[in-house]
Structure formats: structure tokens, C-alpha cells
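Here the protein sequences line up with chains P, W and B, keeping their order. When the count follows the numbering used here, it moves up by one through the first sequence with no breaks and lands on 272 for the last residue. When the count follows the numbering used here, it moves up by one through the second sequence with no breaks and lands on 398 for the last residue. When the count follows the numbering used here, it moves up by one through the third sequence with no breaks and lands on 752 for the last residue.
By construction, these hints were calculated from the structure, which means they are not laboratory data. Given the structure is predicted, the values throughout are model-derived calculations rather than measurements. Ideal Cβ positions, reconstructed from N, Cα and C, are used throughout, including at glycine. Any given hint might turn out to be false.
[To be verified] Computed, partial: chain W to chain B, Cβ under 10 Å:
{"#": "1", "residue": "A127"}
{"#": "2", "residue": "P133"}
{"#": "3", "residue": "A177"}
{"#": "4", "residue": "F220"}
{"#": "5", "residue": "P332"}
{"#": "6", "residue": "P333"}
{"#": "7", "residue": "R359"}
{"#": "8", "residue": "R360"}
{"#": "9", "residue": "C368"}
{"#": "10", "residue": "H370"}
{"#": "11", "residue": "I373"}
{"#": "12", "residue": "N374"}
{"#": "13", "residue": "T380"}
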Amino acid sequence: MKPKIAFFDFASCEGCQLAILNVEDALLDLLERVDIVEFREALSEKAPRYDIAFIEGSIHREEDADRLRDIRARSRVLVALGACAAIGNVQARSNATAPAVNLARVYGEEARDRVQTDPDHWPLWAHTRVRPISDVVEVDYYLRGCPVVPAEFVKLVTALIAGSEPRFAREPVCTECKRAGNLCVFARGETCLGQVTWAGCGAICVTQGYRCDGCRGLLPGANLEAHRQILRDAGLDDATIDDRYDLFCSAQRQPQQRRGAGPGGHAR
Amino acid sequence: MSVATEAFVPRPARIIEARPFTSRERFYRLALDRPLGHHPGQFVMLNILGIGEAPISISCGPRTDNILEMVIREIGSLTQVIAKKVVGDVLGVRGPFGSGFDLDDFRGRDVLFVCGGLGLAPLRSLILPVLAERERYGRITIISGCRAPDAELYRDELRLWGAMEGVEVIRLVDSTDHQPWDGRVGLVTAPIADLEIDPGNLVAALCGPPVMYKFVVMALAARGVQSNQIFVDLERRMRCGLGRCGHCQINDVYCCTDGPVFRLSDLDRLPEALR
Amino acid sequence: MRRAIVATEEATLAWIAGLANERLVDFPQTGPAGGLRFARTSPDDRLTFADYRPTVLPPGKTFAPANEVLFTFAHQADGSFRATPIIDRRPRVLAGVRPCDLAAIALMDHVNRDGDHPDPHYLARREATTIVAYRCSKPCSDRCFCAAVGSLDSDEGADILLTPVDDALLAEARTPTGEALMADLDGTPVDDPAPLVARHRAARPQPFGRQLPGSPDDLPAALERSWSSPLWETHTARCLSCGTCNLVCPTCYCFDTHDEVDLADPNEGHRCRDWDSCMLPEFAVVADGHDFRPTVASRQRHRVKRKFEYLQQKFDSRPFCVGCGRCGAQCTADIDIFDIASDVLKQHGGTP
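One chain only, chain P, in its complex shape:
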């Protein structure tokens, strides 16, 4: 019987599912090998059990956490699909601000006051902390990036079907950047987070003339002290440096606020 795979989305732009839909060639081959049973971007079907569940998006409300736990309980393998699920992504920056301030800023003070006084809106107050899914459930594999790298998705699924352990090297983006023969971003007089960011993207941004902003998350054990000094030497002040790290990785930098195993750990 073909393995059942499913996609679920939480707080995200669903861009990762779109990225996967875009690998049309591989997708057709994939459909020969697996049954996709839930995929909001493409179809609607429910199944009681999943062989591989891909989770896109970060967890905000307690009801989302409950839904995720339910999916975990029904899934043999659970995969964080993309930066939102893996590391909380940009939305986790809101953790640094009080919920009432966030609400007022986005919806106005009147809305903020109404939410506080109307019991129907109280569940929204659970929406106080953006979490990567590993704060709620055990995660078997991480497909990193904003968006994910379709080739890594294919590699993971192929390996899981074959019964082997897919290997995602614990290396910084620099390794792939050098293998690609790129001139270092710093040598262009700019700055980069590639030295402290998980590889796997093939250094696509630098190869295309941009820099690495760290969407794949901070590499565990990265020498951030030294990296910060290098950024300072390149002319960035500390506030700017924190901003740069926090663009994608703010949840990784707030370990004291989180519970459970962090996304910085090894992919199993």
C-alpha cells in the first residue's frame, strides 16, 4: 500500500506548499509512490492515519496546539515544513512585544479594548506567543527555509519511502556557497548570515547576487559571538545586528520563553 502523506497548515503564507506544487515533474513521480490525503492547496480528503505529516506554519493559539497534538498522534513521521514550523519565522518577532500593544498597532485601540472586554474574543489572548511546532510536539525532520527547498522535500520523501535515514548536513551556508564558487558577500563589501545559518539551500540567495538573511535558522553551536564581532567590524551597530538575526530567527534567540526541545536540535 502506498504511504499516506498529508499537509497541514497553521500560521503561514502556505508558500511552502506552493513551492512543492511547483516541482511538477517530481510531483508526478511522487504521486506514483504515495497517496496525498490532505493538501489544502490541492485537494480535500481526510484520513485517520498518516505515514508522513508535513506541518506548515507556526503555532499561535492553544486550539492550534491541540490540533497539532492530534495530528502528531495520528502520524508515524512528522515533518516541519518551512521556517514558520521549524523556527517560528518572522511572526515570532511579535513575541517581543506585549499582545495588547500588538493588537492596538494592527487593529487600533478600540479593537484592543473590545477584545479585552468581550469574552467571545478571549481565546485570542492565548495568541500571545508564536511558537515553532517543536515547542508543542516532537518533530522527526525539519525542512528548513522560507520557502522550503523542493529538492530537500523530494530527498526526504524518497529516503523515507526507501526506508533510509535522510541526512541533512549540519553545515553553514558557506559550505554550499564555496562549492558554488561564489565570491564571498563580505568581499563585495556587504554582510551576510551565511556563516551561522543551516545549509541545504545551495546558497541560492548569494548565488543570485543577494546575501543570506538566515531563513533556514541558526546553526546549533554557531559561534555567534564571533559572528557579531565580524558584523560590527563590517560597520553594523548592535541594534541592526539583532534585527538581522531576528528577521527569521527571533524564536531561536528567545530560548528562555520556550518549552520543549528547540528547533536548533538535530534533525533526528
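Starting from the structure of chain P, add chains W and B where the hints point.
The following block gives chains W and B in isolation, referenced to the frame of chain P:
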């Protein structure tokens, strides 16, 4: 210049016997397309194409037929997949690789084998040819220790060897773990103090978990055994077997080609060799 | 003696570009995001020897590319498999190779050709390649220290050697292959190239590039004495363990392998060889998780000792560091093997 193009290509090896061996290891006997032609202490790179390859010690003595025996612990993705393979399935083999043991270093001497856990598997490739020519060696002592009774490798053979004249076999477990056990309890270092040995005429071969060597060497040194009388079989992360990939490098030597068997006195100048 | 001619730079560059009509030709060219790289040329490309800086990756890497298919495989119906090595023998020309990189290629030839396990993949590409080397008139960067480690005058492995003399180029064929390739290069024949080479050398700045505070011959012994030196800590405090120094080094050749399976047909796939780096944290981890080089300092020490002690002793060769300066120039933490070697010599050199 023409060079063989198959340096990285494994050859087929069909499983002709596969069975659970201990609580953590499985035993495999493979039939190759031609004899392996290995020395004691050598290893092969075992393959499942599509998964990868890993270094595995050869646990049979040198043989003229095309048979290869090995004991495999499920420790990584490759060995997990191998564990599901059954008789008739085909694995890939490259090798044999490494320097191995030279029987001439042991002939005419008293021989001590110290095996920790899975270390008995590679040392068996030396024990068998030594026992096959029993008369060419002095006293033979085999100390074999493991975690618990259900982790003991080659129990029947250890008992048989112990029944041979002039061969002493000391079997130990770290803990009986509430299982039946007819050997001793303790570490492999413990019996060394009381062994009836002639330190001047002894040669020792050691293989076990990396943490074991230091303590066995200390115990042997206390008995007056010199480091040039001790051979150790080291573990490293060999990725090619060809002295090229760099993963197994210990200071200036490549474990896969210069080793994995080293004379301990040759390791004195290699601070990275033992932990 | 083989053919030697003096040709104009213009004619020589046009000749190199023209070689691309019949062969794959790689020559240093500016990449899309800046930086020089050895890139495939076409006959119409306007090539130049001017403004040379070290290429991001050294040219020798072309013989063992970053991600290389070693063999393809197909599982058979009877459970067996067929594996087919991928050997690339396409004729190619590597032109504009500088002496330091030439020295590195000679070392890599040694590593991959001699000994019990020659590497068929490297050797096939290497043997199909004709090398046109170009001698340096001045240091190519402020990180250069080729003269200090004795690679400035390397010529081993070159099929054709180009030497700038005054405003022209002396072109010397060093091999039959080079001689055949040079047939299409127009110029004035030279009976004795030695005086021209001497003139080229006399015109070079002295000293040439950075100089070590001692002889590189003393480095193996000094490195041995430096084992417990605090300099390994001080030189790695800022290290990011990013692997760049290894990956851009012309004599780093460590690798790992991985298998890829076709999604469409899981019975087929290939094994790939990928550049690896001994500065990456998990490089020396064994199966039970123990790491034999657990600290950045121990990994840096290993890297430097490979370049200046281990490999040159193993292969009885010149130092494996050829002084190209790439590792220091491309390290964002500004860790330079020249500085480390200098400190080793200063602190642990001389007679013990």
C-alpha cells in the same frame, strides 16, 4: 596510464545466512563473486546502493572460499536497513581494506586477546587462524567482556575455545542484568592483574570501545608488558577505505590504510589515537 | 628541447580563446556576482591576463568537482545490482594557471596517482587536461606568500608555460601535448629561453609577497612542538567553523559520499562524492558519537598540520600549503594560515 575504474564501486555479495546474534547485533554470512582474500583485522565497506556504505569488520579468519562473515550492530541508517535484509538479498562490498594483523608478530609468543563488546568480532578473524595453528603459539588467553549476558557474541565458540588445551577464556559482563550468567562480573581490565603471563614473551591484541584501551593498556603496563607488545584495532569514521577522504585521519596516519590495527608503540607519537 | 616562441599577449589570448572551438577551455573570468573563477570560455570571449586576483576556487578543483557522481547503479530483478563508474575523459584545456595552483595540482596528482589506491575519477579528468600555466610578475594579492613556501617558480605539470617578459610572452612547450597545442600560436621562435626567464625573474619585486619569519623547512618540527600551544586557541577564537578555508584550498581533498535514488524509479540512482571540510564540527565523529577533534582549536591545528607537516611527510613532498592566500582572504573572521605559520615559527621554531 590506465587505472582500474572500479575503486569506488562495490561488488555484489549475497546473504546466505542472517540471524539475530545478541540483543543488539545480527550475524551475517555473505557469498561474494570471488574470494575476498583478506588478512585478520581488515575491514570491508558494506553497501546498500541507494542508502550508503559503512566500514564493517570482517569476523571470519582468512579463507580460500568466497565467504565473508560479519557481525553488525544497528547503529546508523545503513545498518538499520541491513537489519531488515534476509537470506537471498544482495549487499555490496568493497575491500578488503586496512593493514590488519600480521601473524608473524604473534607466532612463538604467548598471546592475549582483550575484547570489549563488539570488539570480539574483528579479533575473531585473528583468534581463528591462531587457534587453527595452536602449536605455533604459546599460552593463549582470551578475555571477552560485554555489557550484559544477552550482549555476548560467539558464546558457543568462546566455550569451545576455552575447552582447548592451553587456551584460557575469561568471559565477563559489566552486569548480569538479572539474566543467567556462567562467567564473571567485572571489567575486562580486572583479570589482567592475576593472569599467569610471562610479560617478556607476551603479545596482546586489543579491540573494544574507544574508552577501553587506556585502561587495558594501564593494566598491562602494570604487569610489565611493553607498548611494542600490544596491538590495538581502532575505530574511526572511514568513508572511503582508500586513504583519501580524511575522516579517519589520526594525526598523520590514515586509519583505513595505515590501520586500523596499530602497534601501540607506534601510537605514542599520535596524540589523537586514543581518547 | 621543445619549441619555445615569443608571442604577443594579444595573439596568445586569441589563441587560447580559439582553442575553445575544439575543446573545453577554462580560463579565469569574472563571475556574475564578481570575483574571478575558472570558467568555460567560448571562442568569442575577450580574455585577459590583467588584473588577476586569486580565483575564488583554485583551478585544480576541476579534476574532482564539488559534487561528483562516482557511479550509477540499478538494482536488478534477481536482487543483484549493476554499478557503472562515471569516468569523464573529455579533452579540456586549463589555461592561465598560476604557479601556486600548478604546484597544488602537482601535489594532487601525487595524492591521486601514486600509492595503492589511485583515483580513477580524478586521473581521467587530469589526463584529459592540457595545462597552460602563466608565471606571475607580481604578487596577485596582499595575501600572497607563494615565494615564502617555494611555489613561485613551480612548473611541474605544465604542458605549456607562459612567461611575461617585457611586453610579450615567452611560450614554452613542456610536453608533446603542449607542443601539439602550441602549433597554432604564432610568434618568434626562441633557441634558448633561459635568458628570457632570467629577465622575467629579475623584473619581479623582491621580496615577492609576504615572507615567513623563518624557513618553511622548520615548520614540521615547530608544529610538532606546538601541539599544546595556546596559539591554537588564540587563532581560533573568532573561527566560525564554516569550512571555507578547506573548501577554497587547492590542496584540500577530503570528501564524503552520499547516495541519491531516483524518485521515479527507486531501483536506480547514483553515488555522489562531495567536498568535505575538517573544520566542520562533525568531521571526526565516530559511530558511537565520540569526537576525536572536539574543539575548534584541535581542528585548526589539524588543518595547519596537514598543510605543513602531515601530508608533506606522508608523501615526501614540498609543503601542501602553496601560499595562494585564498583561505586567509576568504575567511570572514580573518584567520590567515600565514599568520598561524608565522606564530608557530616564532614561538616554536629554531632548535629545541
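Hint check:
1. A127: holds (6 Å)
2. P133: It holds, given that the least Cβ distance between P133/W and chain B is near 7 Å, below 10 Å.
3. A177: OK, holds: A177/W within 10 Å of chain B, min 8 Å.
4. F220: OK, holds: F220/W within 10 Å of chain B, min 9 Å.
5. P332: Given a least distance of 7 Å, the restraint on P332/W holds.
6. P333: Where the cut-off is 10 Å and the nearest Cβ of chain B is about 6 Å from P333/W, the hint holds.
7. R359: Interface hint status for R359/W: holds (6 Å vs cutoff 10 Å).
8. R360: holds (5 Å)
9. C368: Holds, because the Cβ-Cβ distance from C368/W to chain B comes to roughly 5 Å (cut-off 10 Å).
10. H370: holds (6 Å)
11. I373: holds (7 Å)
12. N374: Status holds, d = 7 Å.
13. T380: holds (7 Å)
Violated hints are absent here; each numbered hint is respected by the structure.
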